[in-house]
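Could you put together the complete structure from these sequences and hints?
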Amino acid sequence: MKIRILWIVAGLLIALPSCGKGSVGGDGPALAAKGLTITKVTAALPVEDPADPAWDDAREVVVTLLVQDVAEPRLTEKGVETLRLRALHDGVRAAFRLDWADATAEDLVEIDQSTDAVALEFPATGPDGPVPDSMMGEEGKPVSIILWRNAWQRRLMGEAYGVEALYPNRSVDHYPPDAGPTPESRAVLKKLYNPPVAVGNPMAAVERISATQDLTAEGFGTLTDAGKQTSSGEGIHQDGRWTVIITRPLDTTPAAAGILRPGETTYVSVAVWNGSKNQSGSLKMRSIWVPVRFAEARP
Amino acid sequence: MARVNNWQIDRDMSYWYAEKRPKKQFAAIFDINKCIACQTCTIACKTTWTSGRGQEYMLWNNVESKPFGFYPIAWDVHALELLGAGDWKDGVYQGRTLFEAAREGERVLGWRPAADDYANPNLGEDDALDAEALIDKGLELLVPQAVWFFYLARICNHCTYPACLAACPRGAIYKRPEDGIVLADQKKCRGYRECVKACPYKKVFFNADAGVSQKCIGCYPLIEQNEQPRCFQNCIGKIRNQGFLSRPEDAREDNPLDYLVHIRKLALPLLPQLGLEPNVYYVPPIHAPKTFLHQMFGPGVEHALATYKAAAEDPVLVALLSLFGCTPKTIHRFKVIGDQVAGYDEKGGEIVRVPVKEPVWVRAPMKGDVPRLNVT
Numbered sequence: 001m002k003i004r005i006l007w008i009v010a011g012l013l014i015a016l017p018s019c020g021k022g023s024v025g026g027d028g029p030a031l032a033a034k035g036l037t038i039t040k041v042t043a044a045l046p047v048e049d050p051a052d053p054a055w056d057d058a059r060e061v062v063v064t065l066l067v068q069d070v071a072e073p074r075l076t077e078k079g080v081e082t083l084r085l086r087a088l089h090d091g092v093r094a095a096f097r098l099d100w101a102d103a104t105a106e107d108l109v110e111i112d113q114s115t116d117a118v119a120l121e122f123p124a125t126g127p128d129g130p131v132p133d134s135m136m137g138e139e140g141k142p143v144s145i146i147l148w149r150n151a152w153q154r155r156l157m158g159e160a161y162g163v164e165a166l167y168p169n170r171s172v173d174h175y176p177p178d179a180g181p182t183p184e185s186r187a188v189l190k191k192l193y194n195p196p197v198a199v200g201n202p203m204a205a206v207e208r209i210s211a212t213q214d215l216t217a218e219g220f221g222t223l224t225d226a227g228k229q230t231s232s233g234e235g236i237h238q239d240g241r242w243t244v245i246i247t248r249p250l251d252t253t254p255a256a257a258g259i260l261r262p263g264e265t266t267y268v269s270v271a272v273w274n275g276s277k278n279q280s281g282s283l284k285m286r287s288i289w290v291p292v293r294f295a296e297a298r299p
Numbered sequence: 300m301a302r303v304n305n306w307q308i309d310r311d312m313s314y315w316y317a318e319k320r321p322k323k324q325f326a327a328i329f330d331i332n333k334c335i336a337c338q339t340c341t342i343a344c345k346t347t348w349t350s351g352r353g354q355e356y357m358l359w360n361n362v363e364s365k366p367f368g369f370y371p372i373a374w375d376v377h378a379l380e381l382l383g384a385g386d387w388k389d390g391v392y393q394g395r396t397l398f399e400a401a402r403e404g405e406r407v408l409g410w411r412p413a414a415d416d417y418a419n420p421n422l423g424e425d426d427a428l429d430a431e432a433l434i435d436k437g438l439e440l441l442v443p444q445a446v447w448f449f450y451l452a453r454i455c456n457h458c459t460y461p462a463c464l465a466a467c468p469r470g471a472i473y474k475r476p477e478d479g480i481v482l483a484d485q486k487k488c489r490g491y492r493e494c495v496k497a498c499p500y501k502k503v504f505f506n507a508d509a510g511v512s513q514k515c516i517g518c519y520p521l522i523e524q525n526e527q528p529r530c531f532q533n534c535i536g537k538i539r540n541q542g543f544l545s546r547p548e549d550a551r552e553d554n555p556l557d558y559l560v561h562i563r564k565l566a567l568p569l570l571p572q573l574g575l576e577p578n579v580y581y582v583p584p585i586h587a588p589k590t591f592l593h594q595m596f597g598p599g600v601e602h603a604l605a606t607y608k609a610a611a612e613d614p615v616l617v618a619l620l621s622l623f624g625c626t627p628k629t630i631h632r633f634k635v636i637g638d639q640v641a642g643y644d645e646k647g648g649e650i651v652r653v654p655v656k657e658p659v660w661v662r663a664p665m666k667g668d669v670p671r672l673n674v675t
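Line by line, the protein sequences are chains W and P. First residue of the first sequence: 1, per my numbering; consecutive thereafter. First residue of the second sequence: 300, per my numbering; consecutive thereafter.
Since the hints were made in silico from the structure, they are not lab data. Just to be clear, a hint being listed does not mean it is correct.
On the chain P side, residues computed to face chain W include the following (Cβ under 7 Å) [claimed, not checked]:
no. : residue
1   : Pro468
2   : Phe505
3   : Asp508
4   : Val511
The C-beta atom is built at its ideal place from N, Cα and C for all residues, glycine as well.
And the structure:
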């Protein structure tokens, strides 16, 4: 519990609520201790429209971002320094609205280019468990991560990706997987000629079901697919800013280990990758833990 | 960083992980003097492993013309420029390796190629375009650069200290303990491309379709059947021999790799000063400037060239070089038996036997009124 209190104090230092639209005006720093509040909505959860007035009921937290300077490769050039975060829930799902400055939108990955991305991280150690390290957790103290990538959103929207998008005018004599006489045989060959697909690497999944990926980690270098995809996300790039809404089911089953359970406090941290700076992996801006609590609908 | 021993630079050096050598180390020798750049090796590899989407530009095996040929563009020039000059003194490298020279916050001193750098693997290398005009302008005076070249066949070096492995923050690249082959785990990779940036030989490639990095796998399914990789089996110039290399202190005289690398010191590593202890060794070309070869293969060049030039008078060397390309199997031991040389598998079974010198018949130039060609 002492450790948890320490993290709350640390969260105080970086998660200052703004007094803009949607924030609880007038109470300033006193509210900082509360960190992020996931406020219940009475109407539909605004999962698609970041401008939905329902978001005005969510208190905005300005999260300070720091360079990832612990694990190699470390980010040596400072990127985006703040991210505005709001959260709502409807008793079934929680929605997080993340908003940060990025002059350009990148949605393809090549040898020399990366995609824009953002991630939410939560402790996965239970309500009474120890708080993991905010940087990818630690051995025996896992974290749960939701990663949204603009490249995945592009694919989900049915747009060309990979070489089809990067080199639409390329000339190729023959792709062996295309030689199958039937759609079924072509599907088999496509897998055979694509080892990461054949071994089930979600990065290479031919059909994407979400622009996000649910992950777990117990320290740097341990990021692993969660095995079950429950989150989703959608981003809009406008006027030099990204606004991404990430939704995730609330944990309401009594027996299940919960990450987000109404009534329980927890923490959240965020990470941001700037594709135009070729950031990926550990080359990212990140925050430390921000305390999270649930709140009833505002009257 | 751990301290490890790198025998190619004859000193200890810093590396991200502790020294842990495999049970056997995949290694190869390429005799540059025999390569004709027919690219059969390149095609053998290409059709076997990299014919899928996202692999269009990948050449896990390539042959480039030195000094002006590169794949990707200027791969070696960039690596050497980044590292800077380093002296050798009595066979000991005095400069810094890529691991020791790593920038703050990184594990390896690397550079990330642009996608276009791979786009023209042999552009202009063998092009005689305007050669006459250039000669008229005094091309022959630009010695030595303008009047020499050699072919450099390259695969992954399956390094003892792989930069790709050191740089991967996920540990998705691993070195097989049974044969030292370096592989990129296709399930674990998340496409960060740190390996692409770190490998100075640029033999790890990003697949933009699959979103993961991929590389030469040393044809490990063949290695597991005691067979040499595809690019070796298909080499029509018979320039290649794959085997397993011991540490210098454990060198066996009957191991083809040990004999040529450690005992006769005829085959040399590519850019040993980078510090990766690469495991593809080259018999250096005899007609290139020694300063260039010294930079490319280290201080053993003069000895290797002298040994190669005198090889015709050396029955064991002639015999062993005759074994190159004579069998698809991996030769673990060899023995000269009279005017023949035999190769054996790991258990001592004979797998190939060839004459040290092919018999030659000289036929009369004319048979009656019909001219005849001599053939061997």
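Against the structure, the hints come out as follows:
Look at Pro468 of chain P: its Cβ gets to within about 5 Å of chain W, closer than 7 Å, so that hint holds up. Against a cut-off of 7 Å between C-beta atoms, the interface hint on Phe505 of chain P holds, since the closest Cβ of chain W lies about 5 Å away. Taken as an interface hint, Asp508 of chain P checks out: its beta carbon lies about 3 Å from the nearest beta carbon of chain W, inside 7 Å. This hint holds: Val511 of chain P has a C-beta 5 Å from the nearest C-beta of chain W, less than the 7 Å allowed.
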